[in-house]
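Trainee: Chain residues, written in single-letter form:
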Amino acid sequence: MITTPVKLWRRQKNVSAVIGKTGEILQWTIIRTPPRAFVQEAPYPVVVVSLAGGKKMVGQLVDWNQEDLIKGRKVVAVLRKLFPSDAESVIAYIIKFKPL
Amino acid sequence: MTGIVSYGTYIPRYRIKLFDIANVWQKVPEEIIRGFRVSEKAVAGIDEDSVTMGIEAGKRAFDLVNLGPTKIGSVYFGSESHPYAVNPSSSIVAEFLGVGNDYFAADLEFACKAATAGIQLTTGFIDSKKINYGLVIGSDTAQGKPHDALEYTASSIATAYILGGKKTEIIAQILAMTSFTSDTPDFWRRDGARYPSHFGRFTGEPAYFTHVVSAGKKLLTQSKMSPSDFDYCVFHMPNGKFPRIAAKKLGFTDEQLAPSLTVEKIGNPYSASSLLGLAAVLDIAKPGQKIFFVSYGSGAGSDGFIFKTTPQIKKIQKKIVPVWQQIENKTYIDYTKYLRQTHTI
Amino acid sequence: MKVNVLGIGTTKFGELWNSSPRSLAREAMNEALSDAKKKASQIDALFVGNMLADLLGNQANLGSLFAESLGVSVPAFHIEGACASGGLALHAAVNGILSGQYKTVMVLGVEKMTDCQPDEITSGLMAAGTDEERLAGATFPGIYALMAQAYMQKYDISEELLASVSVKNHYHGSFNSKAQFQKPFSIEQIMKSTKVADPLKLLECSPVSDGAAAVVVSSTNGNSKSVSIVASEVGTDTLGLADRESFTTLNSVVSAAKRAYKKAKINPDDIDVAEVHDCFSIAEVLAVEDLGFAKRGMGARDIAEGKFTLGTGKMIVNPSGGLKACGHPVGATGIKQIAEIVTQLRGSADKRQVKNAKIGLTHNVGGSGAVAAIHILKK
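Quick note, the sequences are listed as chains A, B and C, same order.
First residue of the first sequence: 0, per numbering that gives the first Met the number 0; consecutive thereafter.
First residue of the second sequence: 0, per numbering that gives the first Met the number 0; consecutive thereafter.
First residue of the third sequence: 0, per numbering that gives the first Met the number 0; consecutive thereafter.
One chain only, chain A, in its complex shape:
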């Protein structure tokens, strides 16, 4: 996973470019047995989003209700924090999706 400062720095322009883009949910699921880094947030939805412009992305859905989990639901890409597992690592800011 991208959490070294160099990798984060190298990818930053790509990430910035996605913030604020809108799209719609193609498919969704709810992760109930999370990987270690996401234990705090579980359960959470993971969605495949079709962004305006055609590109598809996978991301976590945030600030959601059950009613938001439908094909076609409009979402916007936002920047959120990946909480570091320790007190010393650098912080990764990543793209997630929020229902509009």
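Keep in mind the hints are simulated off the structure, nothing from the lab.
A hint or two may mislead.
[What the hints assert, rightly or not] Here are some, though not all, of the chain A residues that point toward chain B, as calculated from beta-carbon distances under 7 angstroms: (1) 15; (2) 17; (3) 75; (4) 87; (5) 90.
[Claimed, not checked] Below, in silico cross-link-like pairs of lysine-lysine (DSS-like), each with a Cα-Cα straight-line distance of 27 angstroms or less: (6) 1/C / 261/C; (7) 153/C / 54/A; (8) 153/C / 55/A; (9) 194/C / 336/B; (10) 70/A / 191/C; (11) 223/B / 97/A; (12) 97/A / 261/C; (13) 264/B / 97/A.
Built from N, CA and C at the ideal position, the CB exists for glycine as well.
Starting from the known structure of chain A, fit chains B and C onto it as the hints suggest.
Mentor: This is chains B and C only, laid out in the frame that chain A set:
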């Protein structure tokens, strides 16, 4: 001329009621709510911090005007909850907003007035024509220790202000600016400590009121204006009581204060508090109106400003995401969710 | 030149606390040597399929490590393709023989998963996906759940129909003494099991397992027990699910299978028995369609109707119990599938024997379909 060119605010969706917090500690909810004159507060999502919220507010400020981010010449980020003790929030936000590399930048701390201090700094750059536009962000994920008084009011919100020097772009001109500062240890947080500490009633008269009223009086003297000359007044809002008392002490009416009184529904977001009140006023102000503004930061100091709105404000108001709309766009959470989202458990 | 499987060996799959990767490897390889009536000194090279030793155990250089277990310092290689590591190792071995460089080769698939905690394993397995999928907090159950949802929406299939895959495979597994789970499960039990990633439930997901499987492959003629590999093909697709055109087909499988059928000069309906990669219930549904055993959209219905079940079906899929019942020690699965088909084609599959099995197929997939290895075997 120097003034506000654009602004943006971001209020997270989640709210917790003081009623529910009080019940956890078996206090009488009505007494708590009456004592603070606050009924609920805004809580950040588990994956939000002052930087992510600052970026949302900053994006909204840019969305309102036709300003390319690279035109920004300075970025100041004021907070009591910077994600890093060392590694500037200002440059992280600037990078994600596309500001480029040509800007002055620093992170600021002065309790709840860190961002208004940033506004003062930025006006210096603009007045001296060193920059054309400056971005100031006030954002906090305020923490209050469980069972402490602060738990009822400490909340999370971000505000962003873009300042500039072109008459045709300014929506609110800065007519006057002052500060009243001293060393008054009413509220503090040691390096490495998770929660702030405070000295109870000492935070009132000698701290909040001395500084807010002194700075307020200086503003009136400097400008040779009186309270009745103003359409609105905005004060830092640690709770629903203090700003009302400060307004009264300085000679302002309830009507002048009401539009900015956001604290009752969203609590005290520290560095974003007074600036959120200002945004609520700018959302509805008419051109040519005067706004009296005094912030407060513990430790202690108050920054005072007099703003005058311009005809340009009408254009912006068509596109804003209003403060009161965000306040009403909410989802309630219970105390357990609150503990999770504030990373207490 | 023909490539023959001379001998096979598999350990039991399951939570084998007392077994180490080396002990698992030795057991499987010795059984394969014995079955092939060969000695270790007759092995010219070793190909090892494994995914997690490096990621979770900090142990690389597996070729050399397992050559030590074999007891001979022969040319040795570690091949990795996530859950298709076994199939890919066999493909590399076949190529080594076809090139003429090696005559008789050992192929080992081995995985030790239970030394780590479940959430570490989940994270480790996500190495088979993309950075974007990992940052999204996705897991493999989650990624296959997205495919399941797409399939269910496209063809109007219920969760029950999907769950019938697990019913079939657990039924088959009850005849396999080396399977991790040897008890049948009813559709109600499967539907009632806890959701892992909506809509996939616990009993629709293959378990975490330890195990090893090995085959001795050679260009020399075997005896009456040997079986030939008549096709060995590999295909790839995009690494991440989001980059694919369709979520209801795996291009890696379709392309590799097409080439394999062509090489073997057969059609899908010539296959008598198949071992497919049912890491999740939906995976078997997509497999039978991608391999041409069922029409598009009919996979789940055909499986539910018993068309591929021992006793009611003609062409049997996963007579071993599949990944679902046998367990899925990731790197070992591809080789275990070969061992099962060899057993079937020899006629020694006992209670799970597919009648008159002459041609068999194995389908081994890595990640969410990023890579696939298809093998066709003939007696």
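Trainee: Now tell me, hint by hint, if it's right for this structure.
Mentor: Hint by hint, here is what the structure shows:
1. 15: 5 angstroms, holds
2. 17: 10 angstroms, violated
3. 75: Violated: closest Cβ of chain B sits about 10 angstroms from residue 75/A, beyond 7 angstroms.
4. 87: 11 angstroms, violated
5. 90: 6 angstroms, holds
6. 1/C / 261/C: 16 angstroms, holds
7. 153/C / 54/A: Given pair residue 153/C, residue 54/A holds - Cα atoms ~21 angstroms apart, limit 27 angstroms.
8. 153/C / 55/A: 19 angstroms, holds
9. 194/C / 336/B: 22 angstroms, holds
10. 70/A / 191/C: It holds: about 25 angstroms lies between the C-alpha atoms, which stays within 27 angstroms.
11. 223/B / 97/A: Cα-Cα ~49 angstroms, so violated.
12. 97/A / 261/C: With Cα atoms ~48 angstroms apart, residue 97/A and residue 261/C exceed 27 angstroms; violated.
13. 264/B / 97/A: 23 angstroms, holds
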